[in-house]
Amino acid sequence: MNTIPHRSIPSQILFAHILLLSAAVAPHYQHLSLWLVGFYFVLALVRLVIADRVDKLPGRVLLLLLSMCGLAFVALFQSNPISKETAIGLLLVVLGLKLMELRYRRDIYITVLISFFIIITQFLYNQSMLLASFMLLVTLGLIVVLVEVNYIQPPKRFVLPLRKTLILIGQALPIMIVLFILFPRLSGPLWNLGLDNRNAITGFSDTISPGSVSHLSQSKAVAFRVDFNDPIPPPEKRYWRGLVLWDTDGYSWTTGNAIYSQSETYKAHGKPVHYEVTLEPNQQKWLFSLDLPGGSIPNTLVLPDFQIKTKEPINRRFQYQQLSYIDYSSSNLSDAKHQQGLNLPDNITPRMRQLVDEWLASSASNHEVVNAALRHFNQEEFIYTLSPPLLGNNPADAFLFETRRGFCEHFATSFTLLMRIAGIPARVVAGYQGGEINPHGGYLIVRQSDAHAWSEVWLENRGWVRIDPTAAVAPERIERSIDLDDWAEGAPIRFQNLDPGLLKNLIRQLGFGVDFINARWHRWVLGYTNKRQSEMLSMFGLDFLKGKKLGIAMVALAALVVLIITIGILRSNRISTDPILKIYLKFCTKLAKQKLPRFSNEGPNDYAQRVIKQRPDLADPVTKITRLYIGLRYGQVCSAEARVFFNRLVARFSP
Amino acid sequence: MDLTLDLSRFIRRAYPDKEGSTELTKRRIYILPTRYGFLFGALLGAMLLGSINSANNLGFMLTFLLAGLGTVSIIHTWHNLLGLHLQPGQVNPVFAGQEAHFSIHVENQRNAPRPGIVLEAEGKLMSGLDLDSQESGVLSLRLPTSERGIFKPGRFTVSTCYPLGLLRAWSYIELDLSCLVYPEPGSITQSLNPPSYTPSATGDRGVGTDDFAGLRQFRQGDSPRHIDWKAAARGQGLKTKLFGGDRADQHWLDWDAIPGFDTEERLRRLCRAVLTASEAQQEYGLRLPGTLINPARGTSHRHQCLAALALFELGPPE
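Protein chains in written order, with our numbering: chain R, 602 to 1256; chain B, -11 to 306.
The hints are simulated quantities; they were obtained by calculation from the structure and are not laboratory data.
Using N, Cα and C, we set each Cβ at its ideal position, and we do this for glycine too.
Check the hints yourself; a few may be wrong.
Unchecked claim - Quick list of in silico lysine to aspartate or glutamate cross-link-like pairs, EDC-like style, CA-CA up to 16 Å:
hint	chain 1	residue 1	chain 2	residue 2
1	R	K1225	R	D1207
2	R	K872	R	D928
3	R	K757	B	D120
4	R	K757	B	E123
5	R	K821	R	E881
6	B	K112	B	E87
What the hints assert, rightly or not - Sample of chain B residues lacking proximity to chain R, with all beta carbon distances greater than 12 Å (derived):
hint	residue
7	S9
8	H214
9	I215
10	A219
11	G286
Let's have the full structure, built from the sequences with the hints guiding it.
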């Protein structure tokens, strides 16, 4: 009895409704078994075809069969039974089955509620602004359908339910904002369902082998963004340190078993650079910071070689503040480390040793050996390319003497090996280099295409020194980013032109604008964590609001908002006085000033008679006005001219 | 002693004012979630838990947006009824056993539409309508009758679930509604139809039925059967044909003419006789213990007779 039963759904509404439900479901095709998504869409299509011929809807037996079929799909095609995908799959099946029971208007409610839940599950996979706006539109559409369903007759104009929906959402928004800002955030999950499966998101793995960085480099995906509190360092100083790789088997390099007997130290020159990094999830356990990091980040561990490790893999956007000293000189190296920096794999070839021997013979110091090596890379026919040819089991040898085409990891790893052969402790460092400055936000965007690898060599008196052999081959790489837009398979790398064409520049500017909005979105919407919440509260001097108090404050503020909205609604459309009555009341006021007020129990006719009795001179206008008023207000006269005339009569009336 | 607590005493109802109309004021409107509202609440709880657990800010946003919508819709649903004016409309008498049809005028004085206004009685949906801004409409209330006399429908409910159907606001209405219920027409009784002729020297002045006696201007209440449609079609205006004869066809429908039945059965039979006589365009009078209605014709006379039968021994109509 709560709702109006047994009223059929107009076919347009049905069509729009199913379209909206399908829009809420659609993005799941990327995350669920296609059988399950297909199950829903087939049923939705069937329901669209049936349209208003509800007698054609499946009967009980068929419905039971369909339900079993859906359950079987969930059981068969969802590989992991205890995963969120299984739960979402069940939701999809239920929604599809409910469409088969969609007969009357009241049946719409349940489908709308299920689809709200499906919408929220979309955000488990994708929190982009695009998806969020799309889902907001779908939600809006579903609300319009709900409003429409609550009409008795289909509304005369479609805009009416839409307008009502916009009003409702407009009033719900401030409540949403209050709740969103003040709802106490927890730092961790309530419980761990173990449902999270790791999505393949690009990022450095803990091993570097030929081709791994160049593969990463082909993605324009954002690795992290950096907001600098100090002036942004020049491109050649922007080395983002991530992994330090010590051990190699001759093919790939790993961070190795840590022999962390003693922490490395360094002497800083100049002032530190302060910045905040927003790292995209990469399912890895390390953070990136400018060479060399000087600060500590909560819940992380700084290793002696300045790698920063987190306890858990980064599976959601992560923000941290860091400070770095760009100019430094490191000082100590333990014997164990010294030895680790010289370890060689088994597959060092004689021609590699011969090459190093040549350098050693012509050099007086380790420093000169390094320069000789860099000269070698620079003067021989080495080509810097994103798609180097495949190398065999001994990539360093093949690269150095045969193919001579490689990406930064080829240069860095082979250079490091050569240094070790020469008896100079060396290691490979992987991370990012450079980054684009977004002119709109003044922050730095570091993309996967900025992934880079370089070497560090230990020189007596100078400590660890960064040597970037790539710079010897392609110095532009360090100054500018790789231009992926014009890159063709196998071609030498082109770098972003400093003076690109007008159109390209426009596109780049547009890209910067979009990235700026995205960055704000990440920072203020998705990145609004308990930390940012407490920062925000302390900004307003509300630090004392914590836990329970914050909850109470939230409820109180939300209640205040609701109260304001209520008052607004009550004021908005008070009973409006009839315009004719308003004019007549003006006439009464004029007479009242002549000490002839109208009594509350007096009808217009009686009043007129009394006035005329006391003021016979007013007989003519008073009679006319009263007659017109009665005519206009109670029916017989209703032309627009009569209204205007009435208004004029009263306006001119001066007793 | 009746120990059961009559909870209905505590219900606030909307009573009519002096002019019979009533306004749904703040204190008279109740509001509670519908079952979809409760389901919606449960859904929000689940969504909130999920959002907390996955620290998903978009999840929080959607949850809070829906929570805001739910909250705002409380006000809107309540406001959809607030200030609605109700006024009883005209009620036509019915025969016992037929449905009494009450029309209730609903007036929206507000400068905004009020869709989804619904009238319920005895737990059943009666009618509903969407009111545009400053529009009036009619809600109808149809209730079955069983006994002759004055039928009062008692309390009914005006409610709305607009805009989202998550909440239902309602108000108990007790308007001064009454419907006159004529006795159920019984079987035809021969003894009530012996035509008694009263000779008249002047004839019946054109109110008989036998011979055509001329035309006169149409008056309100003339039977459509006697209108000279041909003349009307010629554009001569509405004229009523007069019939006359030297004998008036006059009946007395007499309570005492049908002894041997109980009161109700007698009334039913008299009711049938009234209908038969009026259908035959006869002139008839009604004689009941304590009531005498002189012979006449026409709808108002018919109503007078039927009302007398309906209210026989029940006291005067209020």
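Inset, instruction - Could you check the structure against the hints above and give me the numbers of any it violates, in ascending order? - result: none
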